[in-house]
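Chemist: Okay, here's what each chain looks like letter by letter:
Protein chains: 2
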Amino acid sequence: MNTSIDGAAIVYCENAFNTPNGKTAHGLVRFTERYKIVAVIDSRWKGQDAGSIIDGIPNHIPVVDSLSEALALSAEQREMPKTFIVGLAPDGGRLPQSAMKTIKEALRNKMNVVSGLHDFLSENAELVGIARQNNCTLLDIRKPLERNKLHFFSGKIEQVKCKKIAILGTDSAVGKRTTAWLIVHGLQKEGFKTELIGTGQTAWLQGAKYSIVLDSLVNDFVSGEIENAVFEAWRNEKPDVLVLEGQGSLMNPAYPGGFELLAAGRPDFVVLQHAPKRLEYDGFPGYAIQPVDHQIRAIETISGIKVKAITINHEGMDKNEIKLECEKLHAETGLPTFDVLEYGAAELIDILKNELK
Amino acid sequence: MNTSIDGAAIVYCENAFNTPNGKTAHGLVRFTERYKIVAVIDSRWKGQDAGSIIDGIPNHIPVVDSLSEALALSAEQREMPKTFIVGLAPDGGRLPQSAMKTIKEALRNKMNVVSGLHDFLSENAELVGIARQNNCTLLDIRKPLERNKLHFFSGKIEQVKCKKIAILGTDSAVGKRTTAWLIVHGLQKEGFKTELIGTGQTAWLQGAKYSIVLDSLVNDFVSGEIENAVFEAWRNEKPDVLVLEGQGSLMNPAYPGGFELLAAGRPDFVVLQHAPKRLEYDGFPGYAIQPVDHQIRAIETISGIKVKAITINHEGMDKNEIKLECEKLHAETGLPTFDVLEYGAAELIDILKNELK
Numbered sequence: 001m002n003t004s005i006d007g008a009a010i011v012y013c014e015n016a017f018n019t020p021n022g023k024t025a026h027g028l029v030r031f032t033e034r035y036k037i038v039a040v041i042d043s044r045w046k047g048q049d050a051g052s053i054i055d056g057i058p059n060h061i062p063v064v065d066s067l068s069e070a071l072a073l074s075a076e077q078r079e080m081p082k083t084f085i086v087g088l089a090p091d092g093g094r095l096p097q098s099a100m101k102t103i104k105e106a107l108r109n110k111m112n113v114v115s116g117l118h119d120f121l122s123e124n125a126e127l128v129g130i131a132r133q134n135n136c137t138l139l140d141i142r143k144p145l146e147r148n149k150l151h152f153f154s155g156k157i158e159q160v161k162c163k164k165i166a167i168l169g170t171d172s173a174v175g176k177r178t179t180a181w182l183i184v185h186g187l188q189k190e191g192f193k194t195e196l197i198g199t200g201q202t203a204w205l206q207g208a209k210y211s212i213v214l215d216s217l218v219n220d221f222v223s224g225e226i227e228n229a230v231f232e233a234w235r236n237e238k239p240d241v242l243v244l245e246g247q248g249s250l251m252n253p254a255y256p257g258g259f260e261l262l263a264a265g266r267p268d269f270v271v272l273q274h275a276p277k278r279l280e281y282d283g284f285p286g287y288a289i290q291p292v293d294h295q296i297r298a299i300e301t302i303s304g305i306k307v308k309a310i311t312i313n314h315e316g317m318d319k320n321e322i323k324l325e326c327e328k329l330h331a332e333t334g335l336p337t338f339d340v341l342e343y344g345a346a347e348l349i350d351i352l353k354n355e356l357k
Numbered sequence: 001m002n003t004s005i006d007g008a009a010i011v012y013c014e015n016a017f018n019t020p021n022g023k024t025a026h027g028l029v030r031f032t033e034r035y036k037i038v039a040v041i042d043s044r045w046k047g048q049d050a051g052s053i054i055d056g057i058p059n060h061i062p063v064v065d066s067l068s069e070a071l072a073l074s075a076e077q078r079e080m081p082k083t084f085i086v087g088l089a090p091d092g093g094r095l096p097q098s099a100m101k102t103i104k105e106a107l108r109n110k111m112n113v114v115s116g117l118h119d120f121l122s123e124n125a126e127l128v129g130i131a132r133q134n135n136c137t138l139l140d141i142r143k144p145l146e147r148n149k150l151h152f153f154s155g156k157i158e159q160v161k162c163k164k165i166a167i168l169g170t171d172s173a174v175g176k177r178t179t180a181w182l183i184v185h186g187l188q189k190e191g192f193k194t195e196l197i198g199t200g201q202t203a204w205l206q207g208a209k210y211s212i213v214l215d216s217l218v219n220d221f222v223s224g225e226i227e228n229a230v231f232e233a234w235r236n237e238k239p240d241v242l243v244l245e246g247q248g249s250l251m252n253p254a255y256p257g258g259f260e261l262l263a264a265g266r267p268d269f270v271v272l273q274h275a276p277k278r279l280e281y282d283g284f285p286g287y288a289i290q291p292v293d294h295q296i297r298a299i300e301t302i303s304g305i306k307v308k309a310i311t312i313n314h315e316g317m318d319k320n321e322i323k324l325e326c327e328k329l330h331a332e333t334g335l336p337t338f339d340v341l342e343y344g345a346a347e348l349i350d351i352l353k354n355e356l357k
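First to last, the protein sequences are chains A and B. Residue numbering for the first sequence follows this note's numbering, starting at 1 and increasing by one per position. Residue numbering for the second sequence follows this note's numbering, starting at 1 and increasing by one per position.
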């Protein structure tokens, strides 16, 4: 497959692959329509297969020791990557100094550098100088647009006539985006013209054309930018369905999210992603995750919008626990419950098709 | 009274005084510990008393036709204001071109200009030039801090041992901040050491020392900045009570707010500000405001935190309707209900004192 819109890319993930700080890299090696990922850099895992490391299934993307090794490999395969992606997502999104050296090396190799960190590469004078000398670009996908390009909520969402599904979660980093893509592709396979409305940097990297980076938006524009992304996707693509990627979780102490998506995106219904074995909020030990039925009640009370299905993240489960856990959640909530990552989205899509009629 | 920390000031509110777009000016003429307001500019109300216009009670702040009239008046009273405050809060926060002329005139009169608009005066080269020539400053209170000065949520809120009350509302521009100050001053009078945690530009203008401007924060830092403001106020001031000013409203389509305050501020309870006669969200005709009992259920479901009292905004009511409306809300919700703007906060403070034990 070489149809990706921005071509071949190397992902930098030194010291972070297969850790929570490698989230961006994991998303990219699992799936992207924007790039063709040719190698991941993390010396700790050199010589291994990226897919095998994180999912136990080879995906033929090698993990290499260094940028020079990645470039040598690409030269062998006659596919020189034009893009270097900083695939780190450290807590706080700040750039480790150790990454700087490799970024400079990439620029000197005429590669465009893409970063989703909070520290903006394009504001570093030295990097800007090297990029200019080498005629390549520094793209900070978390850098907010200028204010005069941002939108306030206007109510134009009411004109959007297609169906809208929001994928919310009971925690952050719980699998909302992965489920959202599986639903998008499942619906497309069934003949529904479907687009993802991405709300994080990884969805953009994966190719979601109508994307905003919610957590780097100035708060006052959050509702308006969600509304605008949904509206533009509807107007330009004339889709049957829009799938809205949630961020954070409703009752998360650090990342309370999903409200704006419900308020401004006005979805027809919600699919809720949940990790049954996770007891405390990701990154915040001591903060217990509220039971799933409580979280469903919260979503429905706040928005009047119904949760129509649960999708689970099977972390911490044996394979034979998965079905039992789905049945248990079904019994507790009355909602159909699936593990779409393990078993695919076909059964869920059948349910959604009914809701979309 | 001349104890204000930043001295005498003129408030510019042309075409907007006594309208929702004059919200910032209204806050300032009602009360500020930071400035002494000597005049309001709005030619539509010239010659009248600012307090009489908005509250029916004279406060001896004249509304004048123009800046030159305001300055002439100040000269007469030998109190030359050093500050010119842009007291407009238009939807979207953008600066009307008509205001520009007066801002330049203020700078040429050696006045420092303070603005809470989204269009930053300090990024306008012409204004910066005039300010420099006249040795005065342009202060954009909505301009976000640099990222490296911002805080992520850490959980340190758990160390805060004083009581915390959040003032939420059923809409934006409904009177949350005014009620918050009345509660702060009422508790102070009863001997509780109390601080306001301001969350909007007006609270800062009014002198709230521990203030953030929520709607101009980058989304990822909202929880952490709330936590940090509460924590710093507690650590530095050793208060008995912190009163947290809410923004927007829980179910508002354009400004869904209050979640972060509940999640990261972790108040002990909520006081809910409500305008019984307001049927649609401020600025968004066609969007019906959910009934107050529904909104209370939403707050309590999402946070587990109880609403302990309702305070009403009596807009659209005859004076004799107020008591009836309070009784009606009390019957509907079981909660004590007061109009603190009309009748003062004493009765409410009695209730809060019990809760604070």
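It is possible that some hints are incorrect.
[Stated by the list, open to error] SDA-like, lysine to any residue: derived pairs with alpha carbons at most 25 Å apart:
no., chain 1, residue 1, chain 2, residue 2
1, A, K149, A, N236
2, B, K156, A, N21
3, A, K149, B, K156
4, A, K46, A, E79
5, B, K149, A, R142
6, A, K143, B, N148
It is worth saying that the hints were derived from the structure and are not from the lab.
Chemist: Measure nothing beyond the straight line between the CA atoms of K46/A and E79/A; if it is 25 Å or shorter, mark the hint as holding.
Modeler: holds, 20 Å
Chemist: Between K143/A and N148/B, does the CA-CA distance stay at or below 25 Å?
Modeler: With a Cα-Cα distance of about 14 Å, the restraint between K143/A and N148/B holds, given a limit of 25 Å.
Chemist: Check the hint pairing K156/B with N21/A against an upper bound of 25 Å on the C-alpha distance.
Modeler: holds, 22 Å
Chemist: What's the verdict on K149/B and R142/A, does the C-alpha distance respect the 25 Å limit or exceed it?
Modeler: holds, 18 Å
Chemist: Please verify whether K149/A and K156/B have alpha carbons no more than 25 Å apart.
Modeler: Violated - the C-alpha atoms of K156/B and K149/A are around 36 Å apart, more than 25 Å.
Chemist: For the pair supplied as a hint, K149/A and N236/A, is the alpha-carbon distance within the 25 Å limit?
Modeler: holds, 18 Å
The structure fails hint 3 only (numbered hints given earlier).
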